[in-house]
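Peer 1: What follows is the residue order along each chain.
There are 2 protein chains.
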Amino acid sequence: MPVSDAAIGVFDSGVGGLTVLRSLRERLPRERFVYLGDTARLPYGTKSPESIRRYSIQAAGILRARGIKCLVVACNTASAVALEALRERFAPLPLLGVLEPGAIAACRATRNGRIAVIATEGTVRGGAYQAAIRRCRPDAQVLARACPLFVALAEEGWTDDGIVEAVAHRYLDGLFHGDQAPDTLVLGCTHFPVFAPVLARLLGPGVTIVDSAGTTAEALAALLAGRGLQAAATATGGFSLLATDGAERFARVGSVFLGRAVAAADVELVDIAPPAA
Amino acid sequence: MPVSDAAIGVFDSGVGGLTVLRSLRERLPRERFVYLGDTARLPYGTKSPESIRRYSIQAAGILRARGIKCLVVACNTASAVALEALRERFAPLPLLGVLEPGAIAACRATRNGRIAVIATEGTVRGGAYQAAIRRCRPDAQVLARACPLFVALAEEGWTDDGIVEAVAHRYLDGLFHGDQAPDTLVLGCTHFPVFAPVLARLLGPGVTIVDSAGTTAEALAALLAGRGLQAAATATGGFSLLATDGAERFARVGSVFLGRAVAAADVELVDIAPPAA
Chain A
1 MPVSDAAIGV
11 FDSGVGGLTV
21 LRSLRERLPR
31 ERFVYLGDTA
41 RLPYGTKSPE
51 SIRRYSIQAA
61 GILRARGIKC
71 LVVACNTASA
81 VALEALRERF
91 APLPLLGVLE
101 PGAIAACRAT
111 RNGRIAVIAT
121 EGTVRGGAYQ
131 AAIRRCRPDA
141 QVLARACPLF
151 VALAEEGWTD
161 DGIVEAVAHR
171 YLDGLFHGDQ
181 APDTLVLGCT
191 HFPVFAPVLA
201 RLLGPGVTIV
211 DSAGTTAEAL
221 AALLAGRGLQ
231 AAATATGGFS
241 LLATDGAERF
251 ARVGSVFLGR
261 AVAAADVELV
271 DIAPPAA
Chain B
278 MPVSDAAIGV
288 FDSGVGGLTV
298 LRSLRERLPR
308 ERFVYLGDTA
318 RLPYGTKSPE
328 SIRRYSIQAA
338 GILRARGIKC
348 LVVACNTASA
358 VALEALRERF
368 APLPLLGVLE
378 PGAIAACRAT
388 RNGRIAVIAT
398 EGTVRGGAYQ
408 AAIRRCRPDA
418 QVLARACPLF
428 VALAEEGWTD
438 DGIVEAVAHR
448 YLDGLFHGDQ
458 APDTLVLGCT
468 HFPVFAPVLA
478 RLLGPGVTIV
488 DSAGTTAEAL
498 AALLAGRGLQ
508 AAATATGGFS
518 LLATDGAERF
528 ARVGSVFLGR
538 AVAAADVELV
548 DIAPPAA
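Those protein sequence lines, which keep their order, are chains A and B. Counted from 1, the first sequence has number 124 at position 124 by the working numbering; the numbering is strictly sequential. Add 277 to a position in the second sequence, counting from 1, and you land on the number used in the working numbering.
Hint data in this document are derived by calculation from the structure and do not stem from the laboratory. One should not assume that every hint holds.
Which stretches of chain A does chain B cover? Using the computed rule of at least three CB atoms under 8 Å from a CB of chain B, they are [said to hold, decoys possible]:
{"hint": "1", "segment": "41-47"}
{"hint": "2", "segment": "139-151"}
{"hint": "3", "segment": "156-164"}
{"hint": "4", "segment": "244-250"}
If you anchor each label on the Cβ, the simulated ranges turn out as follows [what the hints assert, rightly or not]:
{"hint": "5", "chain 1": "B", "residue 1": "ALA499", "chain 2": "A", "residue 2": "ALA181", "range": "29 to 39 Å"}
{"hint": "6", "chain 1": "B", "residue 1": "GLU525", "chain 2": "A", "residue 2": "GLN180", "range": "24 to 34 Å"}
{"hint": "7", "chain 1": "A", "residue 1": "GLU165", "chain 2": "B", "residue 2": "ASP437", "range": "45 to 55 Å"}
{"hint": "8", "chain 1": "B", "residue 1": "GLY338", "chain 2": "A", "residue 2": "ARG30", "range": "27 to 37 Å"}
{"hint": "9", "chain 1": "B", "residue 1": "ASP543", "chain 2": "A", "residue 2": "GLY178", "range": "35 to 45 Å"}
{"hint": "10", "chain 1": "A", "residue 1": "GLY228", "chain 2": "B", "residue 2": "GLU442", "range": "56 to 66 Å"}
{"hint": "11", "chain 1": "B", "residue 1": "ARG504", "chain 2": "A", "residue 2": "GLY259", "range": "48 to 58 Å"}
{"hint": "12", "chain 1": "A", "residue 1": "SER255", "chain 2": "B", "residue 2": "GLY338", "range": "30 to 40 Å"}
{"hint": "13", "chain 1": "B", "residue 1": "ALA540", "chain 2": "A", "residue 2": "ALA181", "range": "43 to 53 Å"}
{"hint": "14", "chain 1": "A", "residue 1": "ARG201", "chain 2": "B", "residue 2": "ARG343", "range": "47 to 57 Å"}
{"hint": "15", "chain 1": "B", "residue 1": "ARG504", "chain 2": "A", "residue 2": "GLU248", "range": "38 to 48 Å"}
{"hint": "16", "chain 1": "B", "residue 1": "HIS446", "chain 2": "A", "residue 2": "ALA181", "range": "25 to 35 Å"}
{"hint": "17", "chain 1": "A", "residue 1": "ALA196", "chain 2": "B", "residue 2": "GLU525", "range": "42 to 52 Å"}
Ideal Cβ placement from N, Cα and C applies to all residues, glycine included.
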């Protein structure tokens with residue numbers, strides 16, 4: 001079986017994609033990962049498609065220069081808006097977004113064909129989740145809602161308390177009521193898995209919560225196997241962290257998402273900004 | 278009396294500075310203003326000082342190229358971190374930040390010498406408000422707290438409800454309790470004036486709330502008069518809006534802060550990002 005010792009690139013607008021890195025490492029413990037958070041220009045969720053594409057191409061270029069064997073776009077907004085532009089630019093590098101795996105998992109999970117998606121403004125407005133779900137299941141009814149406050153709450157580390165519950169009610173009550181309520185909720189932003197416990201409590205056992213990180217890990221495993229790009233059976237794995245700004249904040253907030261302590265000294269700063277005009 | 282027909286530049290990381298523009302226009306109705314929101318790279322509050330300085334210099338350069346007679350840095354974070362760099366770069370253009378006027382107003386307002394400041398992470402960590410207050414009143418006790426969730430709440434348009442109250446309690450209860458509680462609260466972020474009503478209700482009449490927008494307008498009036506840069510007595514004033522990204526969102530969210538409707542067609546997009554690498 002062919003193997004590749006090269007690392008897998010993982011790219012996000014900031015720290016939220018560390019929830020994806022965490023799932024990838026659990027599923028593929030022998031692989032090495034190099035993660036880049038574009039913290040100098042986060043968040044992508046409120047930026048225009050043109051800016052998101054430009055930023056994504058710059059960030060992916062840094063990872064490609066490190067000799068990666070494939071690239072995971074761990075940012076939902078970039079997956080929604082920039083995946084095709086990245087494919088064109090970096091072919092034949094294998095590329096995987098988080099959006100398509102999440103959409104497929106939701107279509108598998110739903111019984112009544114009604115799926116709710118919560119995400120950033122950019123992801124919801126672009127309509128990419130809605131389109132990906134309908135490609136997989138054309139008769140699906142998709143309700144999408146932008147939940148920008150969840151991003152700020154996650155970064156503040158407020159993940160399960162009365163404020164989170166009140167915000168969740170404000171965002172979700174309009175989506176989940178009556179006979180026609182969805183039975184599936186897609187967490188369409190990498191920040192949102194930290195709210196899975198409170199959302200599960202609020203929505204009850206009748207609603208399946210789909211976190212695209214786990215399904216992306218499955219898709220990546222299949223991609224590596226299909227192309228003969230797996231790490232050797234003797235490889236021990238590992239990861240390195242790059243950020244475009246603010247190593248201290250990246251480490252502090254990132255620890256919440258990665259589920260383990262990160263020190264600022266573990267984060268390598270890389271510069272993708274131009275010199276001052 | 279000498280006059281100048283040139284416009285006054287106003288620069289912010291995004292839409293929050295429109296609360297400052299609003300105060301400036303009320304105080305100086307005959308002046309013309311050109312406002313630039315660096316929406317492509319907002320928020321500044323979580324970025325490193327180096328990035329904030331670089332972004333601020335680029336944004337100010339765009340305004341200077343439009344022939345402004347002076348520049349108001351309406352962003353607290355940029356005022357805290359980049360004002361000196363901007364002065365060096367753009368001298369002899371007169372420059373005014375929002376931080377110093379707010380600090381002076383707080384020192385005038387306090388009776389017990391204890392002042393609370395709420396701001397973004399970047400402003401609080403940099404310690405510039407604390408230093409500016411102590412320059413004005415060396416014996417002042419300053420308590421500063423980063424309130425990043427208020428930014429997201431303001432941009433969501435949730436400005437006075439149970440969620441805002443709960444978040445305000447979480448942020449402020451630790452600052453305002455006991456005999457030694459501050460009697461003055463500085464709103465050290467341009468987003469925060471929209472919360473003045475709920476904060477006033479929560480803190481009661483014993484606490485003076487200082488909004489730096491109003492004091493900055495006074496400082497600007499004095500600066501213009503001192504340098505003979507006022508608009509002619511017959512001038513009718515006006516303003517134009519520039520943004521580096523997302524005119525539609527700028528208009529929608531900006532309407533909350535400017536206190537009047539803004540249409541996307543009223544917002545001119547300017548490009549300060551480099552071409553893709």
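Peer 1: Now tell me if each hint is right for this structure.
Peer 2: Consistency of the hints with the structure:
Closer than 8 Å: that is the beta-carbon criterion, and the segment 41-47 of chain A has 4 residues meeting it against chain B, so the requirement of 3 holds. Residues of the segment 139-151 of chain A lying with their CB closer than 8 Å to a CB of chain B number 3, which satisfies the three-residue condition for coverage. Proximity of the segment 156-164 of chain A to chain B, defined as three or more residues with a beta carbon under 8 Å from a beta carbon of that chain, is established by the 4 residues found. Counting residues of the segment 244-250 of chain A whose beta-carbon sits less than 8 Å from any beta-carbon of chain B gives 3, enough to reach three: the coverage restraint holds.
For the hinted restraint 29 to 39 Å between ALA499(B) and ALA181(A), the CB-CB distance of approximately 59 Å leaves it violated. As the Cβ distance of GLU525(B) to GLN180(A) is approximately 31 Å, the hint placing it in 24 to 34 Å holds. Hint check: GLU165(A) to ASP437(B), Cβ distance near 20 Å, so the stated range 45 to 55 Å is violated. In this structure the hint that GLY338(B) and ARG30(A) lie 27 to 37 Å apart at CB is violated, the actual value being about 50 Å.
In this structure, ASP543(B) and GLY178(A) meet the distance hint of 35 to 45 Å, their C-beta atoms being roughly 40 Å apart. Checked against the given bound of 56 to 66 Å, the beta carbons of GLY228(A) and GLU442(B), roughly 58 Å apart, stay inside it. The hint said 48 to 58 Å for the Cβ distance between ARG504(B) and GLY259(A), and at roughly 57 Å that hint holds. In this structure the hint that SER255(A) and GLY338(B) lie 30 to 40 Å apart at CB holds, the actual value being about 37 Å.
Checked against the given bound of 43 to 53 Å, the beta carbons of ALA540(B) and ALA181(A), roughly 36 Å apart, lie outside it. The given range of 47 to 57 Å is respected by ARG201(A) and ARG343(B), whose C-beta atoms sit roughly 54 Å from each other. Distance hint check: the CB atoms of ARG504(B) and GLU248(A) are about 41 Å apart, consistent with the given range 38 to 48 Å. Separation of HIS446(B) from ALA181(A) is about 32 Å and conforms to the stated range, judged on CB atoms against 25 to 35 Å.
Judged by the Cβ atoms, the range 42 to 52 Å given for ALA196(A) and GLU525(B) is violated: they are separated by roughly 32 Å.
Violated hints, in rising order: 5, 7, 8, 13, 17; the structure is consistent with all others.
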